[in-house]
Amino acid sequence: MTRETRVTEIFVEVADSLIDDFDLIDFLQQLSVRCMELIDVAAVGILLADPHDVLQTIAASDEHTRLLELFATQHDQGPCVDCFKTGTARTNIDLTDPRIASRWPQFAPRAAATGFVAANALPLRLRGRVIGVMGLFRTRPDPLSTEDIILAQALADIATIALLQQRTAAHSEIERVQLQHALTSRIVLEQAKGILAERWQVTVDSAFARFRSYARAHHRQLAELAREIAEGTFDTTAIPHPNQPLPPS
Amino acid sequence: MADVLRLLQADRRPLGGQDVPTDVAEALGVDGVAVSLVTEAGLTELLWCSDEVTRRFEDLQLTLGEGPGADAVRTGALVWVPDLARVRHARWPALAMEAPDLEARAVFCFPMGIGAIRVGVLTAIRRTPGPLTPQQADDALILASALTARSLDLNSAEPRLDTPAPDGSPHSLLHAVVHQATGMLSVQLALPLPQALLRLRAHAYSSGRSITDISKDVVDRRLRLDHGNGTPPTVIDKE
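For the record, the sequence lines run as chains A and B.
Oh and the first sequence: position 77 is 77 in our numbering, straight run, nothing missing.
Oh and the second sequence: position 116 is 116 in our numbering, straight run, nothing missing.
Okay, chain A solo, but in the shape it has when bound (with noise of 0.2 Å):
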């Protein structure tokens, strides 16, 4: 199949999963999926301003702990920290400059303990305004082309689409609101993760792995499984135990 194909078939799955009532971070995990696949990346991973301007992962194309962490030292520095500030995208940062690593001495490190060497950031830009940002690691030091950072940057924007697109119950027109929202299902979504393993005696990844096949098994939106998960109102003997054991400590 060719790209373009493949950008066309994305963005056809996209429209679709846009007009039902979807669920915002299974879409936003998917859409960082798709976008690792088509730019040819690493990782990618979406992070959204909190009230006080911190940047915040909503969503990554790996749900692996030690993915989300790499993202979570993005807070004051790195890549997607000067993308927000500046407000403009930062492509083809060289990770192993040295220069770059004294810049960013908690981040650098990090990066490269995960393998990463290239980085590049796309605002998620809302009138005038960005309210987050699109991260994308690579293992290999070669650029990204244009077109690749043109396509980056549409699926980014989508990102922002999605966000402004959720159903909460509460009002829309105040776009904080409903980036709070986002932010806040995230934390219960980690809540949930932690009572699974615990309950099932197993890693936070197997768990949440085993938690997302069941929610689109039984088409729940993952937020709201995880939170009444985490209000103790669902009975999660209902979603089959994982059967990977606990490596030997």
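No lab work stands behind these hints, which were simulated from the structure alone.
Hints should not be assumed to be uniformly reliable.
These stretches of chain B come out as covered by chain A in the derived footprint (C-beta under 8 Å, 3 or more residues) [said to hold, decoys possible]:
#1 72 to 78
#2 93 to 103
#3 114 to 120
#4 186 to 200
Ideal placement from N, C-alpha and C gives every residue a C-beta, glycine not left out.
With chain A fixed as given, assemble chain B onto it according to the hints.
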């Protein structure tokens, strides 16, 4: 708003001194503000209030057991009532009966909490109908988040911050691992989430390590905080 946040931070009392509510109302550009906290029994309790109109409204909600504040606490979502007189009667039937006699005409309730943890609600009241501006809503969100951090005493749980937190930001909550650990501990210790978070915080505080580090140990199962077997919490060495 920045001034109010500084004021909140400078004041060491649990949620600010007597003048704070009035200053907050002024900074938000509303007629009144109130903060109610969720008690362990799941009820709310008025913590502070800027004026009599707001106090009457809060008391009424508490007496009737219904209203925008209760909804905000129950759902964790903002409740936005720009005109109390135009609310569907069925939404809050008892409150609707009283509404014509109230001086409060517009009410906005911002939930305070962290994920599924409900801490309380920040209520802003106006004597004239009309929505808040986006700027006012932004400010109220920031304030609700700062009050959440303050009421859980979260900022003091980070003895080893690499960088200073922005004004009032619950810095330690940037990490997914803290929320994961809270969930795990709630099962391990058979505690509700708020208490599990407090245990995590207390352990970080007493061990002089950051809540993020402690959380990583909990999530990686190097640390348990339960005392079930009669031994103190143990740290299992890596590998």
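Going down the list of hints, with the structure as the test:
Given a C-beta distance limit of less than 8 Å, the hint that chain A covers the segment 72 to 78 of chain B holds, as 4 residues qualify and 3 suffice. For the segment 93 to 103 of chain B, the stated coverage by chain A is not satisfied: 0 residues place a CB nearer than 8 Å to a CB of that chain, which falls below the threshold of 3. Counting residues of the segment 114 to 120 of chain B whose beta-carbon sits less than 8 Å from any beta-carbon of chain A gives 4, enough to reach three: the coverage restraint holds. Coverage of the segment 186 to 200 of chain B by chain A holds [criterion: at least 3 residues with CB-CB distance below 8 Å; count 4].
Consistency note: the structure conflicts with earlier hint 2 alone.
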